[in-house]
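Undergrad: Generate the whole structure from the sequences, applying the supplied hints.
Protein chains: 2
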Amino acid sequence: MPENKKGQELRIVETKYFNLPESEKFCLESGAILNGLKIAYETYGELNGEKNNAVLICHALSGDAHAAGYHEHEKKPGWWHEMIGPGKAFDTNKYFVICSNVLGGCKGTSGPNSINPVTERHYGLSFPIVSIKDMVDAQKRLIDFLGIKKLLSVCGGSMGGMQALQWAVSYPKNIVSCIPIATSYKHSAQQIAFDEVGRQAIMGDSAWQGGNYYQAKQYPSAGLAVARMIGHITYMSDKSMEDKFGRALKKKELGYEFTAEFEIEGYLRYRGDSFVKRFDANSYLYLTKAMDYFDLQKNEKLQAVFRDIKSRFLVIAFSSDWLYTSAKSKEIVKALKMNGVDVTYCEISSDYGHDAFLLKFPEETKLIKYFLSSTQKKLKF
Amino acid sequence: MPENKKGQELRIVETKYFNLPESEKFCLESGAILNGLKIAYETYGELNGEKNNAVLICHALSGDAHAAGYHEHEKKPGWWHEMIGPGKAFDTNKYFVICSNVLGGCKGTSGPNSINPVTERHYGLSFPIVSIKDMVDAQKRLIDFLGIKKLLSVCGGSMGGMQALQWAVSYPKNIVSCIPIATSYKHSAQQIAFDEVGRQAIMGDSAWQGGNYYQAKQYPSAGLAVARMIGHITYMSDKSMEDKFGRALKKKELGYEFTAEFEIEGYLRYRGDSFVKRFDANSYLYLTKAMDYFDLQKNEKLQAVFRDIKSRFLVIAFSSDWLYTSAKSKEIVKALKMNGVDVTYCEISSDYGHDAFLLKFPEETKLIKYFLSSTQKKLKF
Numbered sequence: 003m004p005e006n007k008k009g010q011e012l013r014i015v016e017t018k019y020f021n022l023p024e025s026e027k028f029c030l031e032s033g034a035i036l037n038g039l040k041i042a043y044e045t046y047g048e049l050n051g052e053k054n055n056a057v058l059i060c061h062a063l064s065g066d067a068h069a070a071g072y073h074e075h076e077k078k079p080g081w082w083h084e085m086i087g088p089g090k091a092f093d094t095n096k097y098f099v100i101c102s103n104v105l106g107g108c109k110g111t112s113g114p115n116s117i118n119p120v121t122e123r124h125y126g127l128s129f130p131i132v133s134i135k136d137m138v139d140a141q142k143r144l145i146d147f148l149g150i151k152k153l154l155s156v157c158g159g160s161m162g163g164m165q166a167l168q169w170a171v172s173y174p175k176n177i178v179s180c181i182p183i184a185t186s187y188k189h190s191a192q193q194i195a196f197d198e199v200g201r202q203a204i205m206g207d208s209a210w211q212g213g214n215y216y217q218a219k220q221y222p223s224a225g226l227a228v229a230r231m232i233g234h235i236t237y238m239s240d241k242s243m244e245d246k247f248g249r250a251l252k253k254k255e256l257g258y259e260f261t262a263e264f265e266i267e268g269y270l271r272y273r274g275d276s277f278v279k280r281f282d283a284n285s286y287l288y289l290t291k292a293m294d295y296f297d298l299q300k301n302e303k304l305q306a307v308f309r310d311i312k313s314r315f316l317v318i319a320f321s322s323d324w325l326y327t328s329a330k331s332k333e334i335v336k337a338l339k340m341n342g343v344d345v346t347y348c349e350i351s352s353d354y355g356h357d358a359f360l361l362k363f364p365e366e367t368k369l370i371k372y373f374l375s376s377t378q379k380k381l382k383f
Numbered sequence: 003m004p005e006n007k008k009g010q011e012l013r014i015v016e017t018k019y020f021n022l023p024e025s026e027k028f029c030l031e032s033g034a035i036l037n038g039l040k041i042a043y044e045t046y047g048e049l050n051g052e053k054n055n056a057v058l059i060c061h062a063l064s065g066d067a068h069a070a071g072y073h074e075h076e077k078k079p080g081w082w083h084e085m086i087g088p089g090k091a092f093d094t095n096k097y098f099v100i101c102s103n104v105l106g107g108c109k110g111t112s113g114p115n116s117i118n119p120v121t122e123r124h125y126g127l128s129f130p131i132v133s134i135k136d137m138v139d140a141q142k143r144l145i146d147f148l149g150i151k152k153l154l155s156v157c158g159g160s161m162g163g164m165q166a167l168q169w170a171v172s173y174p175k176n177i178v179s180c181i182p183i184a185t186s187y188k189h190s191a192q193q194i195a196f197d198e199v200g201r202q203a204i205m206g207d208s209a210w211q212g213g214n215y216y217q218a219k220q221y222p223s224a225g226l227a228v229a230r231m232i233g234h235i236t237y238m239s240d241k242s243m244e245d246k247f248g249r250a251l252k253k254k255e256l257g258y259e260f261t262a263e264f265e266i267e268g269y270l271r272y273r274g275d276s277f278v279k280r281f282d283a284n285s286y287l288y289l290t291k292a293m294d295y296f297d298l299q300k301n302e303k304l305q306a307v308f309r310d311i312k313s314r315f316l317v318i319a320f321s322s323d324w325l326y327t328s329a330k331s332k333e334i335v336k337a338l339k340m341n342g343v344d345v346t347y348c349e350i351s352s353d354y355g356h357d358a359f360l361l362k363f364p365e366e367t368k369l370i371k372y373f374l375s376s377t378q379k380k381l382k383f
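Same order as they appear, the protein sequences are chains X and C. Residue numbering for the first sequence follows this note's numbering, starting at 3 and increasing by one per position. Residue numbering for the second sequence follows this note's numbering, starting at 3 and increasing by one per position.
The hints are simulated quantities; they were obtained by calculation from the structure and are not laboratory data. The reader is advised that the hints may include incorrect statements.
A pair holds if it fits inside one copy or across any two, identical chains being indistinguishable in the list.
Unchecked claim - Each computed DSSO-like pair below joins lysine-lysine, with the alpha-carbon atoms no more than 30 Å apart:
(1) LYS362 with LYS379
(2) LYS300 with LYS246
(3) LYS312 with LYS142
(4) LYS252 with LYS241
(5) LYS362 with LYS330
(6) LYS303 with LYS253
(7) LYS241 with LYS362
(8) LYS253 with LYS109
(9) LYS303 with LYS246
(10) LYS332 with LYS188
(11) LYS330 with LYS241
(12) LYS300 with LYS252
Predicted model only: the values in this text are computed from it and were never measured.
TA: Shown next as C-alpha cells:
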C-alpha cells in the first residue's frame, strides 16, 4: 500500500503475488497435484512484531483478493471496503488484514484461466477440481510464507464462511477465532440444484467449447449471464425484490414484446452482463463445484467434526437469507456449544436476503469490532 | 372417447379441435387480432340435457388438453388422470369434463409453433403476445361452441389457477363455482425474475435463432432444458429435495469431474432433457410471459376486482409451496370474503412444494368431490 499511512483511510492498494516454491508439492483433496501454485493477495494495515494481529478475510463466489482500498486508476474500492480500514470493523490501525483470491478463482490465483506451466497453454477444464479444503490449504501456505503462525481471526461470508469453518477444522491450532457469516457447513440438495443449473447454462452455451474459449473469438457470455442471474435471485429475498422492484415497468405501459419490460428483468440482465465482463466462466464452474462438494459433516455428527476446535466463534446469520438460512447457522452454533466452544451467535434482522452480508455494515461492524477486540484481549499464544 | 362407456375407467381418449369461424375476429388484450384461432381440447364424461354439468379444467405451464385417459398406443395417461374419471374428484359419471390446450401453447391450440394462415409459415416470434385473459377468452369461445352457457366449475392449479381466477372476473355470470389451486392473483418480482432467467436461457441459446428454428437442423435444447431445470427447483420445496436426494451420489465416490455426480443433478438433467422432447421453446417464452403479465389487481384493490363475482369458491394452497405461497391464496380468500362470496379455503399440509397440486390426490379429491357435489345441489341456473 504505497500511499497509506497508519490511521489514514485506505487509498491506493496493490495486489501482490506469492508463488509456492517449485520444490514444494501442492496436493489436492482429489489426490491430484497442482504445479506452480500462485496466490494473489492483498494486505491492509501492518503486521506487529509478535505477528499475532493478522486477520484473514475469505471472499465469496464473485469476490477476489481486492477486499478494500482502491487500485490505481480505479474508482470503485474493494468489495468489503466499508468493513476494512482505520476505525472500521477490521481496524487496520490494530490488525493486519489479509485477503487472497481463492484457488480456482480468476483474479490472479491459480485457476482454469491460468497458464499450465507444463503445456504453456490455459488450463481450461484440465485444471483439477478443487475443494474448499484445497482453498484453505493454499491460504495456509500463504500465511506460512508471511511468517504468521496463528491468525487472530478468519472471517468470511457465504463461500468465505465455508472457508472460515474449514480453517477451524483443518487448522484448529492456527487460528484464535473464527467468524463465519451467512453460510452453511454443507451444501443442500437445493443449493446443489441452483449451482448445477448455472453450470448447465454455461456448459450449454455453444461458445463455451468445452472450456477452451480463451484463444477463441467467442466467450460464453449468455450462459454465464444466466448463471449469474439465477444466483442473484437466490441472493435476494422475495420481500426485498418486491420492495425494490415489485411489478414496476421500465416504460409506461406493457409493450407486448420479449424485451426487458419489468424493472426486475432489466436489473437481472444488467447484473448478468456486468458479471460477464469481470468473471471467468470456467472459474464459475470450479467454484460452484467446490461449494457443492463442501460437506464438513460427511457421515459424522457435526459435533464430532468440531471436536478439536479451540478457537472462539462469532456466527452471524440474516433473518431473510433463504439460501444459507439462520437454521443452518444455529446447527453450527449448537454443535460448537456441545464441544464447549466459546461461541456468540447473532441473527441480524434484515429483508435483504443473502446479500445482507454485503450490505448490513453497521450491524456487522458493531459485532465484529467488539468480538475482535475481546479476542485480542484474551490472546494467549 | 370411442371406447369409454359410462362408469368405466377412462381408457382411449382423443384430442379434438375447434376452429373459430373465419367470420369471427379474435381480439387479444394487446389489441392485436389473431387469425384462424384453433383450439385443441378433450372431453371426458357426458354433457347432460340441461348442459349444466360441465367442468372446465385449466392446465399449468407444461400441461396440455390431454388431462385424463390414454391416447391410442400411449402408455402414459393424461396429466391429471388420477383426478378425472368415474368416482374420482372430477367424477365423469356425474360431470362433463373439458380440458383445452392454452392459447400460446404447443399442443394443438394456436401458438408460436402454429402455421400462420397468412404467410403459411410457422409463426415463431411473430405470434402475438397473449395474456391469461386471452387464454380464457379463447376457452369461452370453445364453451360457447359446445353450447354451454354456464360452467358448473372452472378449476386449475398454478397457471391453471390464474385462468380459473380470470374466468371468475371476466365471466362472472358464466360460472357457478371456481377452484383455484396453488396459484396467485398476480406474479411477484421474484416470479418474474425466475421466468426471465428461463427466457434468457432460451433466447441466449444460439440454436434459438430469434425463434426461427422450426425448419432448422438445430433446436434450442440446452436453453430450454436450463429453463425447465430452473422451474423444477421452484416446484419442489427445500425439504422435499433434501428428503428425496440430499447429497446422495450417483456413483460410490466423488469423481472430481463436471458430470452429474449428485442424484439431484442427474434428476434435474433428466427432467430438463425429457421436457425438451415434448415442449416448444417459443411456447415456453409465451406462456411465462403471459404469467408475468398476469395481475388481476393492477391499481385496484383486490376486493374491487372481485366485486361482480357470484360463484362459490374452493381455494386450495399447499403449506410448503414457496412459489405460490399460501399467504397469496389467503389474500384471495380475504378479498372474496369481503365481497360476501361463499368461499372455502384449505391449506393442505405437504412437503412437496408447488408440485403438491400434481401429487396430493387423496386430499384434493376429498375437497373437490364434496365441493362439486354441494355446488351441484345448490345449483340454480
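Undergrad: So, for every hint listed, does it hold in this structure?
TA: Checked hints:
In the homo-oligomer, the alpha carbons of LYS362 and LYS379 lie at most 30 Å apart inside one protomer (26 Å), although the nearest pairing across protomers, at 58 Å, exceeds that limit. Taking the closest pair of Cα atoms, LYS300 and LYS246 come within 30 Å of each other only across two copies (18 Å); inside a single copy the shortest separation is 39 Å, beyond that limit. In this assembly of identical chains, LYS312 and LYS142 lie within 30 Å of each other by CA distance solely inside one copy; the values are 18 Å within and 70 Å between copies. In this homomeric assembly, LYS252 and LYS241 come within 30 Å of each other (Cα to Cα) only inside a single copy, at 20 Å, whereas the closest approach across copies is 36 Å.
In this assembly of identical chains, LYS362 and LYS330 lie within 30 Å of each other by CA distance both inside one copy and across copies; the values are 20 Å within and 29 Å between. Taking CA atoms no more than 30 Å apart as the test, LYS303 paired with LYS253 passes between copies only; the shortest distance there is 23 Å, against 54 Å inside one copy. Taking the shortest alpha-carbon separations for LYS241 and LYS362, both the intra-copy value of 16 Å and the inter-copy value of 28 Å come in at or below 30 Å. Taking identical chains as interchangeable, the C-alpha atoms of LYS253 and LYS109 are never at most 30 Å apart, the minima being 38 Å within one chain and 33 Å between chains.
Only between protomers do LYS303 and LYS246 lie at most 30 Å apart by alpha-carbon distance; the minimum there is 21 Å, versus 41 Å within a single protomer. In this assembly of identical chains, LYS332 and LYS188 lie within 30 Å of each other by CA distance solely inside one copy; the values are 13 Å within and 35 Å between copies. With identical chains, the CA atoms of LYS330 and LYS241 are at most 30 Å apart both within one copy (21 Å) and between copies (13 Å). For a Cα distance limit of 30 Å, the shortest separation of LYS300 from LYS252 across copies, 16 Å, qualifies, whereas the shortest one inside one copy, 47 Å, does not.
Taken one by one, the earlier hints fail for this structure only at number 8.
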